[in-house]
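Start from chain A and add chain B according to the hints.
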Amino acid sequence: EAGVAQSPRYKIIEKRQSVAFWCNPISGHATLYWYQQILGQGPKLLIQFQNNGVVDDSQLPKDRFSAERLKGVDSTLKIQPAKLEDSAVYLCASSLRITGVAGRSYEQYFGPGTRLTVT
Amino acid sequence: GNSVTQMEGPVTLSEEAFLTINCTYTATGYPSLFWYVQYPGEGLQLLLKATKADDKGSNKGFEATYRKETTSFHLEKGSVQVSDSAVYFCALNAGGTSYGKLTFGQGTILTVHP
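Chains as they are written, first to last, in this note's numbering: chain A, 598 to 716; chain B, 340 to 453.
Where hints are given, some of them may not hold.
The list that follows gives simulated cross-link-like pairs (lysine-lysine, BS3-like), each with its CA atoms no further than 30 Å apart [what the hints assert, rightly or not]:
#1 A:LYS641 x B:LYS407
#2 B:LYS399 x A:LYS641
#3 B:LYS407 x A:LYS680
In case anyone wonders, no lab produced these hints; they're calculated from the structure.
Isolated chain A (complex conformation) (with noise of 0.2 Å):
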């Protein structure tokens, strides 16, 4: 079974350039994330999807980040313009499911991930 694909591995831009990330979840998978990690951090998540409809994206810099996930399949994140703290690893992941609200938990498969440095 393939995992998660992410591209590209890296990229490095200036600050105020526009940059995107895309993200091919494992086959079936409804929910997939976007979390950030900053170096020496654990990961932030940024925006969660239920097939293409958004499930959570309290903690997404509307402002400057915005994320789609047409078809419920591919998704792909945007960051214009970037500022130099935007620099972390972007990771995807994707679970068969939705955590539900009776407890349920799906594991969540990371990607490799996307390293951005903002210079």
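For chain B alone, kept in the frame of chain A given last:
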């Protein structure tokens, strides 16, 4: 809010030494607890999990017990190998309307020398 605190790192051990990485959490309700591992150049992988108090998660010789009374989920291994060198993350899912959201600790770098 929900949070996870891991012991200060990094941790350096000799092969076959005993490993403990401390993890404590703050959460409302009854969270599920996880340990993830990140090997160099790879994505995060689920190492083990526990979904209720007193549950013990185990995998690849690693163990962690969900202790609600001390709000802890410490990771242990009796005899580490060089191949265990990686970054280890403790995480929780608070359940309810948190859905699948994972809250991570800051990570602990483990280096094992031959």
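For each hint, the structure was consulted:
no.	hint	in the structure
1	A:LYS641 x B:LYS407	24 Å, holds
2	B:LYS399 x A:LYS641	27 Å, holds
3	B:LYS407 x A:LYS680	41 Å, violated
Figure legend: structure checked against the earlier numbered hints; the only hint not met is number 3.
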